[in-house]
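A.B. asks: Sequence order for the protein chains is S and G.
Under my numbering, the first residue of the first sequence carries the number 665, and numbering increases by one thereafter.
Under my numbering, the first residue of the second sequence carries the number 665, and numbering increases by one thereafter.
Hints are computed from structural coordinates only; laboratory data are not their basis.
Note that this is a predicted model, so its numbers are computed, not measured.
Worth double-checking, as some hints may not be accurate.
Because identical chains share one entry, a pair is satisfied inside a single copy or across any pair of copies.
[Stated by the list, open to error] Result set (DSS-like, lysine-lysine): computed pairs, CA atoms no more than 30 angstroms apart in a straight line:
id, residue 1, residue 2
1, LYS782, LYS727
2, LYS988, LYS998
3, LYS1110, LYS1045
4, LYS695, LYS822
5, LYS727, LYS692
6, LYS1188, LYS1110
7, LYS1067, LYS998
8, LYS727, LYS773
9, LYS1070, LYS1045
Number of protein chains: 2
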Amino acid sequence: MSNERVIYLPLGGAGEIGMNAYVYGYGKPGKERLILIDLGVTFPDMDGSPGVDLILPDIAWLKERRNQLEAIFITHAHEDHVGALAHFWGDLGAPVYARAFTANIARRKMDEHGHPDKAVTTVLPWPETVDAGPFSVGFVPISHSIPESSGLVIDTPKGRLVHTGDFKIDHTPVVGEPFDEAVWQDLASPGVLALMCDSTNVFSPVQGRSENTLAPEIEKLVAGSKGMFVATTFASNVARLKTLAEAGQAAGRSVCLLGRAMRRMVEAAVETGVLTGFPRTISPEDVKSLPRENVMLIVTGSQGERRAASAQLSNGKYQGITLKEGDTFLFSSKTIPGNERGVGRIMNNFSEMGVDVVEDYDGLYHVSGHANRPDLSAMHKLIQPQMVVPMHGEHRHLREHIKLSKSNRLKGVLAPNGTMVDLSANTPSVVDYVDTGRTYLDGSSKIGAMDGIVRDRIRMALNGHVMINIILDENDDPLGEPWCEIRGLAEMGNSRAPLVDVLEEDLSQFLGRAGNKTLVDDDKLEDGLRKIARQSTQTEIGKKPEVTVVISRLST
Amino acid sequence: MSNERVIYLPLGGAGEIGMNAYVYGYGKPGKERLILIDLGVTFPDMDGSPGVDLILPDIAWLKERRNQLEAIFITHAHEDHVGALAHFWGDLGAPVYARAFTANIARRKMDEHGHPDKAVTTVLPWPETVDAGPFSVGFVPISHSIPESSGLVIDTPKGRLVHTGDFKIDHTPVVGEPFDEAVWQDLASPGVLALMCDSTNVFSPVQGRSENTLAPEIEKLVAGSKGMFVATTFASNVARLKTLAEAGQAAGRSVCLLGRAMRRMVEAAVETGVLTGFPRTISPEDVKSLPRENVMLIVTGSQGERRAASAQLSNGKYQGITLKEGDTFLFSSKTIPGNERGVGRIMNNFSEMGVDVVEDYDGLYHVSGHANRPDLSAMHKLIQPQMVVPMHGEHRHLREHIKLSKSNRLKGVLAPNGTMVDLSANTPSVVDYVDTGRTYLDGSSKIGAMDGIVRDRIRMALNGHVMINIILDENDDPLGEPWCEIRGLAEMGNSRAPLVDVLEEDLSQFLGRAGNKTLVDDDKLEDGLRKIARQSTQTEIGKKPEVTVVISRLST
């Protein structure tokens, strides 16, 4: 038993905000029994992943070891923690454990992918625990921006681990359990080997604020508005939805939820008993028969998502509802870096319609769901672990969290995605590096981020595309002229002739010069044609395009 | 003379932050003599303009009226005010006026495009003026984030206009003239018809801070750092460069400027006498022979630009210099919305190298160059115009600035790009709408933003590209099988066969079924092939690709 060990291996989330997937193992090296905490997604963007639908962690390492996997635990129902579950469950097949609200959301996803409902087991919170091989895992209620978030207590034969999941310290979270220091202190009292701790807000210097500080300001804003009042926030922030809806109700407005994700979240929260006393909602149909000042819409799309309700309202109409001069639109949210342009577009559209947009400049209408720097320190002090392992953050967040740990006189272990750490060694040590990365869900295919497929799309977007088509006869002589098509390139060049004409002329001359050695060899011919096409395009319009050459030989 | 009028027409900048270009005119409707204030660019992004080099305003309206154009005035040397000058000067040909530093930068650009130096005239500041047709224009020194920025006093036969250009109210700007209330009050005393006023920071609620508040904090930071110290900011912020360099000098560090834009700006500032007492700089070669703690680099690339010095340093090496653990990298800048991802990438790269990155979380190391809301109100009160015309901002900034004007009991005129306003009417009135838009510099071509060329590139990036090639013989019968190439699409589909094989099979079947009516008609044939290719790709991999069909007919 002496060489058994406890390992920690992030496959996602320790190198980005999003895409969480953390493996723990216990056993002899290479023979560990494994559990997986969370299996989330992150979102594509035009810069790095145009056309991609979702980004999933590359879990090849885990798939190869599916027979070692005892269970999957989901800390909470945010997409970056549960979004990849149904996409990968077929490859892993292990039982899934989550608390009621999270399980409800997880089962909806499993259903959509045709996986069995019963793969997901609903668990009660700590002090209840689930046994999974050598592990015993308990779900400790922790405050965040979605109901029933949990930190996990993971007991191993070598000691106790604490995995915070995403969290903040909120004693009045509006919906769900308040943060309870006594519980955390108590569970830490036997001693904790390692604290795996959320890092997203490590750069935020001041103590976080409670969800319940927002209600008075939101109420004031709604009460002072004249036309229709519309608010957007994350669909999963059920506490915020409640605060918003209650502010509407207090101002004599009927509440209508717009956007599938939002209705689904409220449904799940009501079904699981997490949400009670939510104001009665009306349908989009009903909205039209009410005076504008008696309506409040709560809508999806706080991040500027193109297909969500807020974007569609800003483009004119959604479900028959149109905003107009005198209406107010509140972003009860923070724009995630990278989404500024999309959100800005919506704001400007509303501005053109005469709708007053209220953004959260001063934090009056939004609070973060993550622990700020002082709150992280408070967690360090509550748990007093032998080491802190920062998780969920970009490299700079993890590194800063290590610094914070040191300033709190705790050992810190920097373990980005793919770093396998032996948590049971006297000094925490990296024992292996595992290949990790990103898998793109692209249409219905899963493709590797490094496969070159998306790289080719990016290149076409940057450089345009020239297609060359030539036909060679039985004697390997060109039959007619080469034929060019261009896509995404200026049609006229410096010589004031159509680019395709210039290309066809230059390629034709090349073919005239080419010897038989070139003409019989597809590779040589293709290289030559590509080179000419790139040079000529560069001369004509100053761009080096992507080139596809198709050679048809009548002889074959 | 009674129906002569003063018109204002923004061609760029009143609908975006960037790309400033404002036309003023005086005369009978349609016969106005014109002047142009500023001619700037804005920058492309992967979302909307992949592969584009620069975005210029569409000045077709002005080109058609070049014989009415008296002069071009440049308020300051930022790219979004002067960057398009040399690209369009050949189309406009009017004399260009600017103060010494701005003129120096403008001439460098004119040189690069082969335009004559003497097209640019250096002018002295107010109370000197330049006559341009019916206009008399004076350059009033105003504080901003680049030397010798000017607001313009534009006298017309119908009264005085004030065009602020970009500005802030800074009484201690480190380099250049402090903001001088007395001058503005004095020039406004005869009465001002209209104030055209910067809107970029209208949403910033607190009074702006002076450039000189930064020195103590920056000095403290540099003095407390151990390894090499590197700072980045906008190359054109000469005051900031001076503050940074002096902080380096005070800490016993030799200063090295990295990046062409930065050296060029300092050169221009020294040449024109704007900058004096800048610490002696050393070359990148010299850096290598000095102890790290005796070096300060000031580098380009504060916005994460891929080719700038900061990005290259974060990727490993630049001009033989490599950063390492213990070095400090300061962003003395604010990340412009949309650039967060690029900047984040650099920060994470540095984090992986062990370099401490200092970002400007609390405004200790950066101040904005634009007037905040209270400062805009101060300007309104100084000038007391008959109307405020908000300029330089997105629609929402302009609209908010109108609201601010009203709260200051001033008439506001909302005039986005293309809106021609008669400033001399008793009530300001919109007299025309002019087509405006964006021109893309794409390689060496200028293409219209709506030409479809960039749209095609975006579509290839989102959807991938299928190329189909068929040959028909003299009898319009297919010769061999159709040939497919794919780019940017998954290679294997749901049927576990290569996508190209499935496509070729399906297209072949289509050709087999196709009647002679289809085979003889290129359009029909192309439509049919495209439809099949899209359907099959959708079935196989869940994507609807762009399709290019090339039909070769041996008969022709």
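A.B. asks: Against this structure, judge whether each hint is valid.
C.D. replies: Here is what the structure says about each hint:
| no. | hint | result |
| --- | --- | --- |
| 1 | LYS782 / LYS727 | within (21 angstroms within a copy, 70 angstroms between copies) |
| 2 | LYS988 / LYS998 | within (24 angstroms within a copy, 34 angstroms between copies) |
| 3 | LYS1110 / LYS1045 | neither (43 angstroms within a copy, 61 angstroms between copies) |
| 4 | LYS695 / LYS822 | within (16 angstroms within a copy, 88 angstroms between copies) |
| 5 | LYS727 / LYS692 | within (19 angstroms within a copy, 77 angstroms between copies) |
| 6 | LYS1188 / LYS1110 | neither (34 angstroms within a copy, 34 angstroms between copies) |
| 7 | LYS1067 / LYS998 | both (26 angstroms within a copy, 24 angstroms between copies) |
| 8 | LYS727 / LYS773 | within (20 angstroms within a copy, 58 angstroms between copies) |
| 9 | LYS1070 / LYS1045 | within (12 angstroms within a copy, 53 angstroms between copies) |
Of the numbered hints given earlier, the model fails hints 3 and 6; all others are met.
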